[in-house]
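The chain contents come next:
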Amino acid sequence: MKSNYLLFLAAGKLFGARLVGAIEILSWRRPRVVPLSYNYVDGLIDYRGAVYPVFNLVLRLGLTKPGPIGFAAEAQEQGDAGRSIILLEENKVPFGIVVDTVVKMAMMEDPSGAMVTAAPVDPQFVKGIVQDDSHDVVILDFERLFHAR
Amino acid sequence: MDFGTRFLILSLGGENYAIPITRLLEITMPRNIQKDPKQADIFEGNVEYRGAWIPVVNMKKILKITGGPGENLLVVNSSKGVLGLLVDSVVEILDTDQKPVPMPRGVVNPSLTYFRGILRYKDNLVPLLDEDGLLK
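Those protein sequences? They're chains L and R, same order as listed.
Quick note: the first sequence, position 127, residue 127 per this note's numbering, numbers continuous.
Quick note: to get this note's numbering, add 1000 to the position in the second sequence (first position is 1).
Calculated directly from the structure, the hints in this document are not laboratory data.
Incorrect hints may have been included.
What the hints assert, rightly or not - Listed below are several chain R residues computed to face chain L (Cβ distance under 10 Å; list not exhaustive):
#1 Pro1104
#2 Val1108
#3 Gly1133
As the list claims (entries may be wrong) - Taking lysine to any residue and the SDA-like style, the derived pairs with C-alpha atoms no more than 20 Å apart in a straight line are:
#4 Lys1038(R) <-> Ile1062(R)
#5 Lys1099(R) <-> Arg32(L)
#6 Lys1136(R) <-> Ile1062(R)
#7 Lys1064(R) <-> Ala50(L)
#8 Lys1064(R) <-> Ala1040(R)
#9 Lys1099(R) <-> Arg48(L)
#10 Lys127(L) <-> Arg144(L)
#11 Lys1060(R) <-> Tyr38(L)
#12 Lys1122(R) <-> Val51(L)
#13 Lys1060(R) <-> Asp1036(R)
#14 Lys92(L) <-> Asp1036(R)
#15 Lys1060(R) <-> Gly49(L)
#16 Lys1122(R) <-> Ala50(L)
#17 Lys1122(R) <-> Gly49(L)
#18 Lys1136(R) <-> Arg48(L)
Here the structure is a predicted model, which means the values were calculated and not measured.
The C-beta atom is built at its ideal place from N, Cα and C for all residues, glycine as well.
Given these sequences and hints, build the entire structure.
Okay, structure coming up:
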């Protein structure tokens, strides 16, 4: 079965989120930090009457960004300015994730459910890997990533 | 639980927080805090309030916010008794008909009992503190 996916980059890796209901893509804004929150929680944002937790995907997955080398070092110093916050929902729970770049929307085959490896991403957080234009797209299990604790 | 419609907005480490006015007994300056070496690290000591000694809690230590203990003392009624809470400043009283939004799932450990939820205040989100859950 095919579904619509939003493709985005985080730490140089291509990920996909299945589009369920409304989705919003916001330019990065400073979330309200909550003391004692998990280290991968950037905070909360208020958008159109709903309070969204904003999760830092790179930190949650334990990925490291490619280090700044030479001319790239300057661009790296931009910090959060060029990033986006995607507001999604899974199992009717709304949440936001911080990503480096939103790539595109694409109609893709749903993952088969078979166990796959997408190193260095922890396999327990991966629903599957699908292909788009011969690129591997990692489909994440957001419920496990952010709500299993 | 009914929190009423009025909340005290307070500041800690440059960010705003709220507590229900219904639990607030007094806003005062911390004077003559008597240190008690037997108390846990989150306490600054005890103060006399209306003839009784009440513990003074350093809110920044509870919430792991850096900085000094704060220069305003809120005396509140909690399920653990009357407490003094040290905060940086009192911002204003929010009169609202909004119901606090529950803290979204996945943000803090569910065993943490310091927050009742979230309030909207001047285009910002403000955690509503749970004075009953501050002390174990």
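Tested hints:
no., hint, result
1, Pro1104, "holds (4 Å)"
2, Val1108, "holds (5 Å)"
3, Gly1133, "violated (12 Å)"
4, Lys1038(R) <-> Ile1062(R), "holds (17 Å)"
5, Lys1099(R) <-> Arg32(L), "holds (19 Å)"
6, Lys1136(R) <-> Ile1062(R), "holds (11 Å)"
7, Lys1064(R) <-> Ala50(L), "violated (27 Å)"
8, Lys1064(R) <-> Ala1040(R), "holds (15 Å)"
9, Lys1099(R) <-> Arg48(L), "holds (16 Å)"
10, Lys127(L) <-> Arg144(L), "holds (10 Å)"
11, Lys1060(R) <-> Tyr38(L), "holds (18 Å)"
12, Lys1122(R) <-> Val51(L), "holds (15 Å)"
13, Lys1060(R) <-> Asp1036(R), "holds (18 Å)"
14, Lys92(L) <-> Asp1036(R), "violated (49 Å)"
15, Lys1060(R) <-> Gly49(L), "violated (30 Å)"
16, Lys1122(R) <-> Ala50(L), "holds (15 Å)"
17, Lys1122(R) <-> Gly49(L), "holds (14 Å)"
18, Lys1136(R) <-> Arg48(L), "violated (36 Å)"
In this structure, the earlier hints numbered 3, 7, 14, 15 and 18 are contradicted, and the remaining ones agree with it.
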